[in-house]
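Trainee: One-letter residues, chain by chain:
Protein chains: 2
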Amino acid sequence: MATIDVPEQVSVLADAEALRKACKGWGTDEKAIISVLGHRNAVQRKQIRLAYEDLYQEDLIKRLESELSGDFEKAVYRWILDPADRDAVLANVAIKKLSPDHHVIVEISCTRSPEEHLAVRRAYQARFKHSLEEDVAAHTKGDTRKACHRKLLQPPYSIDITTSNRGGQSDSGGLRSSRHRKEVKGCRSLVPEMLSDDQLLVALVSAFRYDGEEINTRVANSEAKILHEAVKDKEFNHEEIIRILSTRSKMQLMATFNRYRDDHGTTITKNLEGDSGDEFLKTLRTTIRCLNDPKKYFEKVLRNSIRRVGTDEDALTRVIVTRAEKDLKDIKELYYKRNSVPLDQAVAKDTAGDYKALLLTLLGKED
Amino acid sequence: MATIDVPEQVSVLADAEALRKACKGWGTDEKAIISVLGHRNAVQRKQIRLAYEDLYQEDLIKRLESELSGDFEKAVYRWILDPADRDAVLANVAIKKLSPDHHVIVEISCTRSPEEHLAVRRAYQARFKHSLEEDVAAHTKGDTRKACHRKLLQPPYSIDITTSNRGGQSDSGGLRSSRHRKEVKGCRSLVPEMLSDDQLLVALVSAFRYDGEEINTRVANSEAKILHEAVKDKEFNHEEIIRILSTRSKMQLMATFNRYRDDHGTTITKNLEGDSGDEFLKTLRTTIRCLNDPKKYFEKVLRNSIRRVGTDEDALTRVIVTRAEKDLKDIKELYYKRNSVPLDQAVAKDTAGDYKALLLTLLGKED
Chain W
20 MATIDVPEQV SVLADAEALR KACKGWGTDE KAIISVLGHR NAVQRKQIRL
70 AYEDLYQEDL IKRLESELSG DFEKAVYRWI LDPADRDAVL ANVAIKKLSP
120 DHHVIVEISC TRSPEEHLAV RRAYQARFKH SLEEDVAAHT KGDTRKACHR
170 KLLQPPYSID ITTSNRGGQS DSGGLRSSRH RKEVKGCRSL VPEMLSDDQL
220 LVALVSAFRY DGEEINTRVA NSEAKILHEA VKDKEFNHEE IIRILSTRSK
270 MQLMATFNRY RDDHGTTITK NLEGDSGDEF LKTLRTTIRC LNDPKKYFEK
320 VLRNSIRRVG TDEDALTRVI VTRAEKDLKD IKELYYKRNS VPLDQAVAKD
370 TAGDYKALLL TLLGKED
Chain H
20 MATIDVPEQV SVLADAEALR KACKGWGTDE KAIISVLGHR NAVQRKQIRL
70 AYEDLYQEDL IKRLESELSG DFEKAVYRWI LDPADRDAVL ANVAIKKLSP
120 DHHVIVEISC TRSPEEHLAV RRAYQARFKH SLEEDVAAHT KGDTRKACHR
170 KLLQPPYSID ITTSNRGGQS DSGGLRSSRH RKEVKGCRSL VPEMLSDDQL
220 LVALVSAFRY DGEEINTRVA NSEAKILHEA VKDKEFNHEE IIRILSTRSK
270 MQLMATFNRY RDDHGTTITK NLEGDSGDEF LKTLRTTIRC LNDPKKYFEK
320 VLRNSIRRVG TDEDALTRVI VTRAEKDLKD IKELYYKRNS VPLDQAVAKD
370 TAGDYKALLL TLLGKED
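As given, the protein sequences belong to chains W and H, one line each in that order. So the first sequence is numbered by our numbering: it starts at 20 and just counts up by one. So the second sequence is numbered by our numbering: it starts at 20 and just counts up by one.
It should be emphasised that the hints constitute simulated quantities derived from the structure, not laboratory data. Treat the hints loosely; a few may be bogus.
Any copy, or any two copies together, can satisfy a pair, since identical chains are not distinguished.
Calculated cross-link-like contacts (lysine-lysine; reagent style DSS-like; alpha-carbon spacing at most 25 Å) [unchecked claim]:
1) Lys301 <-> Lys319
2) Lys269 <-> Lys148
3) Lys269 <-> Lys301
4) Lys148 <-> Lys244
The following block holds chain W by itself, in its conformation from the complex (with noise of 0.2 Å):
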């Protein structure tokens, strides 16, 4: 269920005026901005910007931008797109850091419905005149990817290939693994089915999943087989798992997971812990997590944004933002059973100002 309070009759041309009236003149009435967009939908959201620009020929986002400031001004931002646009927008931000964020990338791919995601991919091309997962594919490369083949240069077949791999960081970068080769000529590749991290993200990406509610059982036992073997082994990279977790629909996932539960008495995520610097399992874990209970994963993010030291504001407002239309009421409960503390009174204490207070509004609750 949805947390914002969104009154039964609206007037887009009202909103749009009171807008115009916040941002005139001296100074902004960023409670005025607030109270109208804290309280409208996706739709009406759209509309009033529509409007907006009708009226004043002047565009609202781009107006807003020049108020504001600071983490209001990214929240105001993110909230009033549309949510695929927003997600493209989000997916670009991930990629686009020195150090692509591959949490945000997996909780946009497997958190969203298939429909949902699909737009995203859509958006993302009318905005970046790129498709998400080439863009994925093309930047994503060499960060992690280096953990991943240390990890498998164990003894005794370590070999330093730090400085073979570091022309790889750049899109014109070439055949990084060419030239890594010849470095490690000494063993060539004869398991083609590790992957790495990179590939898990573009298969994630790329996917659109069944969306039905069929079930095979043979399929569930078979692969929580093939999981359970990977895990066990350490191949936490291999193919197998990289197909199992995109391309199967959730329903089937979650059938999978359960069954790997029953045989194992524990679950594949427990399994998965351990070596807390292996940015591989993170994001394997994060994409576990995302498929199999996005609700239970969204409230982990929360309580690590706010119990950090240091407010994570990213995330915060990045998981009130997506989720205020959606099932942030459900998260907030799980919230309050996990932590005892309910969320809006945990974000209260850890935000301030505008920013807080349009965080508040979203919630549900007005400061």
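Start from chain W and add chain H according to the hints.
Mentor: Chain H only, in chain W's frame:
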């Protein structure tokens, strides 16, 4: 341009009645079926199916299947379906073959527009309750991958792995590669960038390419270089090749292939010729042909389907049926240029009966 000849005025009801009459009583009037269905476009055929069902409480497709037989039945069945649904059926047939037909999967993934391909993925899910990529990933394992493994296992690392691979054909085959790894323990994987061709297929069917005109010349230059390096080193199943071919837009790829040609004086497909037994290499060439010049590719499929001893009816039907409403006129022209024989004449020589009559009708030429 299309080849089928559709009259300006069509009465869907009259068509349904004519088809009913053609199927009723002793014997079937195949000529009547051809003279109706062979001159109707996809929208009309759908309307006819709906009208027929409405009038006679009977599925027209099922009725035709029970009345007709052989290549003619197959061709009518393929033709009457919606294009996206037809592609879904073609893909499924290709996947389910004992030795999956990679070329059909590549053809469907790479010659359709991004939106058409997406419609195929939707149709596939509606019909088979699985995603296309899910079935490709689950069913294409273990056939040509073996060849690819053998290729990798050149001296001095040559080990016979055929027996250890045998278990990998079935869905529940467990971790083939895990077993495989044990067999070849003497040399662990260092290069996760070498992929097998099911990875290429899965990436191609999962693609939702950007369809715009924008080209990045810098990327074309650097990726032409990457492709050339990989081809030169015979690293055909290199992760970078698969990334480029499966994520870049067709316009971008054309720029890249052109650059390749300009830089090296020869096309990439020419450079990929060689070992005719190498399935991966064949799949790769088909991929590039389909992406770069689909009409030329279709001309070649037609040529091979006719030229060989024993006509390849599946390929012949597939190309004529799927292109008749699209670009078969252009393909016919290419065929004539290349073979100095009109396509309809070649088809007439190689086929017979109602099957021949339907193909010629779809080619825009009555027998």
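Trainee: For each hint, tell me whether it holds in the structure or not.
Mentor: Against the structure, the hints:
Proximity of lysine 301 and lysine 319 under a CA criterion of 25 Å is satisfied intra-copy only: 14 Å inside one chain copy versus 48 Å between copies. In this assembly of identical chains, the alpha carbons of lysine 269 and lysine 148 lie at most 25 Å apart only when taken from different copies (13 Å versus 29 Å within one copy). With identical chains, the CA atoms of lysine 269 and lysine 301 are at most 25 Å apart within one copy only, with a shortest distance of 20 Å there and 34 Å across copies. When the C-alpha separation of lysine 148 and lysine 244 is checked against a cutoff of 25 Å, the pair qualifies only between copies, where the shortest distance is 23 Å, while the shortest distance within a copy is 41 Å.
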